[in-house]
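So the sequences go chain by chain: P and G. Position one of the first sequence corresponds to residue 0 (numbering that gives the first Met the number 0), numbered consecutively onward. Position one of the second sequence corresponds to residue 0 (numbering that gives the first Met the number 0), numbered consecutively onward.
A hint or two may mislead.
What the hints assert, rightly or not - Facing chain G, from chain P, some residues (calculated, C-beta under 7 angstroms):
1) F7
2) Y256
3) H260
4) A573
Claimed, not checked - Partner residues are not named here, just some residues of chain P that face chain G (Cβ under 7 angstroms, in silico):
5) V102
6) G104
7) L142
8) S185
9) L190
10) A225
11) I304
12) L565
Said to hold, decoys possible - Some residues of chain G that are not near chain P, with every Cβ distance over 10 angstroms (derived):
13) N17
14) E35
15) D92
16) D99
17) E122
18) Q133
19) S156
20) E157
21) I160
Keep in mind the hints are simulated off the structure, nothing from the lab. In this text the structure is predicted, and so the values were computed from the model without any measurement. The beta carbon of each residue, even a glycine, is placed where N, CA and C say it ideally should be.
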Amino acid sequence: MSAIASLFRNDYGADGFRACSVTGLDVHRSVENYVKLFGLTAVIALAVGGSFAFSVAMTRWEFVGLLDASSYYTHLSMHAWNLLIFWMVFMEIAVLYVGGPMVLGRKLPLRPLATLGWVTMVVGAIGVNASIWLSEAPNEAPLLTAYVPLPVSPWFYGTAILFLLGATIAALPFFATIWTETRDSSRTLPLVAFGAFITGIIAVEAILGGIAAFAYALAWRVDLIATVDPAIYRQLYWIVGHGTQQINLLAMITVWYFLTHVVGGAVVISEKVSRTAFILYLFFINLGAAHHLLVDPGMSAGWRIWNTSYAFYGAAFASMIHAFAIPAGIEAGRRRRGQGGGLFGWLTSAPWRNPVFASTIFSIILFGFLGGITGVVMGQIQVNMTWHNTLATVGHFHATVALGTTLAFFGLVLFVIKTMFRRDFVSDTLASAIPYAYGAAMSVATLMLMYAGILYGVPRRTAEVVRNIPGSEFSFSAAIPIFMIFGLFALLAILSGVLFVGVSVGSLLFGDRLAAGDDGGMLPEGGLHADGGEAIHAVELRGTFTLCLIFLGVFAAVYVLNWYLLTQLWAIGA
Amino acid sequence: MGLARHPVAAGEVIPVSNPLEDPEDDWWNSPVNRRESIWLGLAGAWSLGIFTWMAGFTQFGDQNPIGTTYDVDPDQYQERVGEYKESAEETEDGLVPPDDDVYVGAMRFNWDGLPVVLEAGREYDIHLGAYDVQHGFSVRPEENLNKQINLQVFPGSEWVIPMTFDEPGTYHVVCNEFCGQGHRTMHGRFTVVEG
Chain P
0 MSAIASLFRN DYGADGFRAC SVTGLDVHRS VENYVKLFGL TAVIALAVGG
50 SFAFSVAMTR WEFVGLLDAS SYYTHLSMHA WNLLIFWMVF MEIAVLYVGG
100 PMVLGRKLPL RPLATLGWVT MVVGAIGVNA SIWLSEAPNE APLLTAYVPL
150 PVSPWFYGTA ILFLLGATIA ALPFFATIWT ETRDSSRTLP LVAFGAFITG
200 IIAVEAILGG IAAFAYALAW RVDLIATVDP AIYRQLYWIV GHGTQQINLL
250 AMITVWYFLT HVVGGAVVIS EKVSRTAFIL YLFFINLGAA HHLLVDPGMS
300 AGWRIWNTSY AFYGAAFASM IHAFAIPAGI EAGRRRRGQG GGLFGWLTSA
350 PWRNPVFAST IFSIILFGFL GGITGVVMGQ IQVNMTWHNT LATVGHFHAT
400 VALGTTLAFF GLVLFVIKTM FRRDFVSDTL ASAIPYAYGA AMSVATLMLM
450 YAGILYGVPR RTAEVVRNIP GSEFSFSAAI PIFMIFGLFA LLAILSGVLF
500 VGVSVGSLLF GDRLAAGDDG GMLPEGGLHA DGGEAIHAVE LRGTFTLCLI
550 FLGVFAAVYV LNWYLLTQLW AIGA
Chain G
0 MGLARHPVAA GEVIPVSNPL EDPEDDWWNS PVNRRESIWL GLAGAWSLGI
50 FTWMAGFTQF GDQNPIGTTY DVDPDQYQER VGEYKESAEE TEDGLVPPDD
100 DVYVGAMRFN WDGLPVVLEA GREYDIHLGA YDVQHGFSVR PEENLNKQIN
150 LQVFPGSEWV IPMTFDEPGT YHVVCNEFCG QGHRTMHGRF TVVEG
């Protein structure tokens, strides 16, 4: 207990504030402790969900074939809920508290609500886990979606609603902070606080949809209503199903702006452009929920095209803005300090041994190239016919969430260990290895999932199809070599995840305490702020521009390839 | 590419925006870096371009997940598939539909109405519906797994989608929406013969 209590101790002044030796922010005890609480809870969810990554991957790798079908769906549900929802949402509440009260140098208001929110989320999360694990026939494992009318335990819907309510309560102190800061003035919030605010709004929209979907299904499961419409449930469900992924996206981008600045010396090259991109998200990104309904009966083509494109690709355009603005911020910041000449000197001379920096950069690159591009391509209604419910879809969201968001959050957790827990890593070498090992292994595993789906049509959510479809002579055995590579690299990715949890927990328990004023090696060369140098708009952003042109080229190539494969098909549709 | 540089006087402090502090008062009017402006143009053009292609392809393209949907009670749909099966000719390779309408009924864990024998080059109206829970209609020719399509099937909806198979051969149908413990065994077949 004393070890845990010591995690929540720091040297605060009489007013409860201390100055952070890395960010320079005035940090109040109340904010810091709740960030730690939500962050630690998230890491526990990560460890639970990550263990199920092992059993799920080793089942889909039919060479090993770990689980039989009856357990597989249960394990898959545990994997999905703990990683995609609990690990992410607990982290996101922490991100809101950092982006709101911590960046603004305030206490956390409404602390009893933060506690109540945390308790409700924990009870909800344990309840969801228990209802999945204890499901009995005729109830089926819910997977992530719990599509009606497949019978799923009413306890599942009830506890999922509880978790969502808890997350809403936990977000209230953040909104209260923003309200207090802005109601009496025409103040412009710092970009990180602004990003966190937009994230919070998107989160509330998602949560309302989730409560509606699960309450509808729950009412049917407890016989309050006699029938349930699968199409209506899907519409409501995907408000939260996709909406939570948009929370992940916005929280991740906010973290990108934050960490590239603090550990990489990045500046904001244009407040106007970056904020406009967040506003585009606010208006358009939730239309993307339609990505899941593109090959559903009943929806008109016009409805699908308008929504899947976020209204003329308003949100994809916003993402491409961040894709330029964030690396450009690093380039401008470092060029102004005279760090690195030539086209990419600013990048090659960056602090690559700092795992916080490397995690953030790999998150940006891998999210963009693997997750973002595939998301837009598979979100075109025609191409979606070839991606829907294949393993390629699973590849896409592992690129966005397991590579993009999880890597960014790895960086954030390591950063919090140094700056808030004030602990040194147990091993700098092992800590530095985390983003490299995890990024590389998960990238290969993710690519193999995409190939298995798009080149071999291997379906997702099934325990056994590649080597054998029971009762049929047909199988997807041509994809066996792909799965050999997938299985090995999935194992390596899981081991890298173990390394992350090991280094994090090890550093918290056994890491040396950093002395007051020690930046723990987090600050870029030359410190956080560098004065002088040329105006931002005049810095030559040649490196970023080149990288973005490469990105656009890859985007176009993947787009053309997917459309080529599609047009090789027989004629379908009116 | 030569861009105009603004000369900086020695000791002059140029304000720089960072994401942890309030920006300068006139942040909206700060000039945008020229390369960022170019990128905005490229990204905007690409966004509009792919929108136009997707929307246009519904008019001129041959592969669109677009058909007509009717609300139907799952039991009624099952009856309709039953009537269709009675009117179809039974052969060793499967049912030969009496006309251009082909009915497929998805149920745990079977594709009712399959296997079916179709003629290459002939347009059929494929009717998709489910009797119990949601299913996934996933089709590919046996010899070329990368040619495959996937459509969602609901109980309560009858989705009529025209299809023209141009190559003879065996096409395999698997379910790719989780529908219960026997989900992985759900398999059916189209046999496409020369027209």
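Mind verifying the non-interface call on G/E35? Its CB should be farther than 10 angstroms from each CB in chain P. violated (6 angstroms)
Beyond 10 angstroms from every Cβ of chain P: is that where the Cβ of G/I160 lies? It is violated; G/I160 is separated from chain P by about 6 angstroms at its closest Cβ, not greater than 10 angstroms.
Taking the least C-beta to C-beta distance, is P/S185 closer than 7 angstroms to chain G? Check failed: Cβ of P/S185 comes no nearer than 10 angstroms to chain G, outside 7 angstroms.
Holds or violated: P/L565 as interface residue toward chain G, Cβ cutoff 7 angstroms? holds (5 angstroms)
Close enough to count: is the Cβ of P/H260 nearer than 7 angstroms to one in chain G? holds (5 angstroms)
According to the definition I'm using, a residue is off the interface if its beta carbon is farther than 10 angstroms from all beta carbons of the partner; does G/Q133 meet that for chain P? violated (5 angstroms)
Restraint satisfaction for P/L190 [CB to CB of chain G, less than 7 angstroms]: Status holds, d = 4 angstroms.
Status of G/D92, Cβ more than 10 angstroms from any chain P Cβ: The assertion about G/D92 holds, with a minimum of 14 angstroms to chain P.
Any CB of chain G closer than 7 angstroms to the CB of P/A573? holds (5 angstroms)
Quick check on P/L142 please, does its C-beta sit within 7 angstroms of some C-beta on chain G? holds (6 angstroms)
G/E157 and chain P, when compared Cβ to Cβ, separated by more than 10 angstroms: violated (8 angstroms)
Examine each Cβ of chain P, and state whether all of them lie more than 10 angstroms from the Cβ of G/D99. holds (14 angstroms)
Checked against the numbered hints listed earlier, the structure breaks hints 1, 6, 8, 10, 13, 14, 17, 18, 19, 20 and 21; every other hint is satisfied.
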